[in-house]
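J.: Given these sequences and hints, build the entire structure.
There are 2 protein chains.
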Amino acid sequence: MLEDKNQNRTSLAELGEFGLINHITKYFTISHSSTVKAVGDDAAVLDASTKQTVISTDLLIEGVHFDLSYMPLKHLGYKAVMVNLSDIYAMNAVAEQITVSIAVSNRFPLEAVEELYAGIQLACETYQIDLIGGDTTSSTKGMLLSITAIGKANKEDLVFRNGAQPTDLIVVTGDLGAAYLGLQVLEREKQVFKVNPQNQPDLDNYTYLIERQLKPEARKDIAELLKELDVKPTSMIDVSDGISSELFHICTQSNVGCKIYEDKLPLDPQVIATCEEFEIDSTMVALSGGEDYELLFTVPISDYEKVKGNPNFSIIGHITEKNQGLQLVTRSSKEIELKAQGWNSFKEN
Amino acid sequence: MLEDKNQNRTSLAELGEFGLINHITKYFTISHSSTVKAVGDDAAVLDASTKQTVISTDLLIEGVHFDLSYMPLKHLGYKAVMVNLSDIYAMNAVAEQITVSIAVSNRFPLEAVEELYAGIQLACETYQIDLIGGDTTSSTKGMLLSITAIGKANKEDLVFRNGAQPTDLIVVTGDLGAAYLGLQVLEREKQVFKVNPQNQPDLDNYTYLIERQLKPEARKDIAELLKELDVKPTSMIDVSDGISSELFHICTQSNVGCKIYEDKLPLDPQVIATCEEFEIDSTMVALSGGEDYELLFTVPISDYEKVKGNPNFSIIGHITEKNQGLQLVTRSSKEIELKAQGWNSFKEN
Chain C
103 MLEDKNQNRT SLAELGEFGL INHITKYFTI SHSSTVKAVG DDAAVLDAST
153 KQTVISTDLL IEGVHFDLSY MPLKHLGYKA VMVNLSDIYA MNAVAEQITV
203 SIAVSNRFPL EAVEELYAGI QLACETYQID LIGGDTTSST KGMLLSITAI
253 GKANKEDLVF RNGAQPTDLI VVTGDLGAAY LGLQVLEREK QVFKVNPQNQ
303 PDLDNYTYLI ERQLKPEARK DIAELLKELD VKPTSMIDVS DGISSELFHI
353 CTQSNVGCKI YEDKLPLDPQ VIATCEEFEI DSTMVALSGG EDYELLFTVP
403 ISDYEKVKGN PNFSIIGHIT EKNQGLQLVT RSSKEIELKA QGWNSFKEN
Chain F
103 MLEDKNQNRT SLAELGEFGL INHITKYFTI SHSSTVKAVG DDAAVLDAST
153 KQTVISTDLL IEGVHFDLSY MPLKHLGYKA VMVNLSDIYA MNAVAEQITV
203 SIAVSNRFPL EAVEELYAGI QLACETYQID LIGGDTTSST KGMLLSITAI
253 GKANKEDLVF RNGAQPTDLI VVTGDLGAAY LGLQVLEREK QVFKVNPQNQ
303 PDLDNYTYLI ERQLKPEARK DIAELLKELD VKPTSMIDVS DGISSELFHI
353 CTQSNVGCKI YEDKLPLDPQ VIATCEEFEI DSTMVALSGG EDYELLFTVP
403 ISDYEKVKGN PNFSIIGHIT EKNQGLQLVT RSSKEIELKA QGWNSFKEN
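So the sequences go chain by chain: C and F.
103 is the number of the first residue of the first sequence in the numbering used here; add one for each residue after it.
103 is the number of the first residue of the second sequence in the numbering used here; add one for each residue after it.
Be aware that a few hints might be false.
For the chain C half of the interface with chain F, some residues (derived, Cβ under 8 Å), not all of them [claimed, not checked]:
#1 Ser135
#2 Lys139
#3 Val141
#4 Asp144
#5 Leu148
#6 Gln154
#7 Val156
#8 Val166
#9 Asp169
#10 Lys243
#11 Ile252
#12 Pro299
#13 Val333
Since the hints were made in silico from the structure, they are not lab data.
Cβ coordinates follow ideal geometry from the N, Cα and C atoms, glycine included.
T.: Here is the structure:
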């Protein structure tokens, strides 16, 4: 597919590693005073001043985390940055820098790497992120990306996973399950394409789902919004594996239980309609779908007035004592135990 | 090979990602007060206090950067950390933290990942490094590691690549070329093994070379030594691709030329003997072999008395005006142009 798309192919071997690094980094600009030295030395140099530095890293591998048959390279670059920024925002911190390491096999021409970096650059511009370093090498098979994101925060603003207390409200931003369904739609189209390459897919009913899968946005705005509302979460995590799994992390680390309500889970109409079409349970999708890159957090019940009715937030339940376990209250008022069904990349399909 | 070695095999799919992370990180301890929060949240938190933060990252891929048929996993883990620490030391900074991301295919049992982390842990203990995060996932093929190292330094102590001045002395630590030759010896043994698996290799004559390849040590000691000697280099870089390539970086970024002397290149006797045996030019090996993880730096000529005769240092030449180019003065006093023949992973062999 890549071979077809690119009329001009420049071999990576011709350029070599240093040539490639120069070529792909020359359009990136630096916007933070904390970035003292970016690409071009043995290491980058940062000055956090009086703040604390927050660091997170993720590895994305072709065939495991993404499929280039429906993930355009520019989107992949953009999404890879989002995945990492999301972790920084989940600390209630401001993301400022990234390092990007890539490995590509010789089947990728320079133009493919340029596409990827165009997406990375767009993400950097949109979110004001400085690219400060990385590594560029060949792989024996496919493409992989390793991104490290760096942010900063005042010590007193940082929010960890371990501060949730019984009676705290559980809040989630945006809506859930759309990215997972977007993937299902794309997978279906891929199968159709295999059988009939002439088929023109009609994806009008799935635009939101596909956008959430291919071009997710990290919630940079939430830290600012919380500050405006004068709310400091007691715990926070980003929704990468699905909220079941994320609640499991918060409850384990905070030594508490939780109760969430099925009828409070925020679902986009396209999610509901597509779940019906695919005959899958929308609650399961919301709980375990993953890749939403929304933020899940807890606030003291005394903050109820500050968060209720805000269009960015859904209050989906509350924290309980540890011995209550993790419970989902269904629409028919039954309580069932939540299971952390996060994605396990080691499971063979 | 891995399958044969492990009597007990625990499947990674059984453990899952979180189980695996808990399992492999539980033996790591934290030794720096700058590590506020390590593994276990969305991001790690560091406090650099009044210092500047230095960050470097590297990607190591099976089949490209290492061959598990002769690189034991424990050594691989150790070496992967060294490669990254070396970049931090090349900034004249102190390395304090790392993040480690790994991807492994299902052919690796838990016991293999444990071996890898045993090497990482040994490196962390020996060099006082805190493991603060990472990512753990499956790959479609083989193993890969992505490590980010973080260090700190006073602003005034940092040494970049761009400060070399004409007349500065060019100094290299340790000796050169041994790691490259170690690789050649191991490659030869691999070929012999393929033909005759019963053959017992006699590697007594190559112990130093093999150790330099399989268990390199990063030069943590040099920053301290330079401080004791009251020497601040004008530029510094670590020798990962060979000094030709590293000199090329320093000269380009400093806008200068250089002249180095063939008879000053520090070579271990095993390097000289093995070059004769393999019928390869020892100067070429010293210049372009790579993976030495020594430090190459420049100091003002006024520091000559401070560095000369120190067993850790070899003065191999001096910086010249840019228009002089990069020159090697041979034993027969001929001047030939140095070429940056660093390794290009994109080149097909």
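J.: Which hint numbers doesn't this structure obey?
T.: Of the numbered hints, 1, 3, 9, 12 and 13 do not hold.
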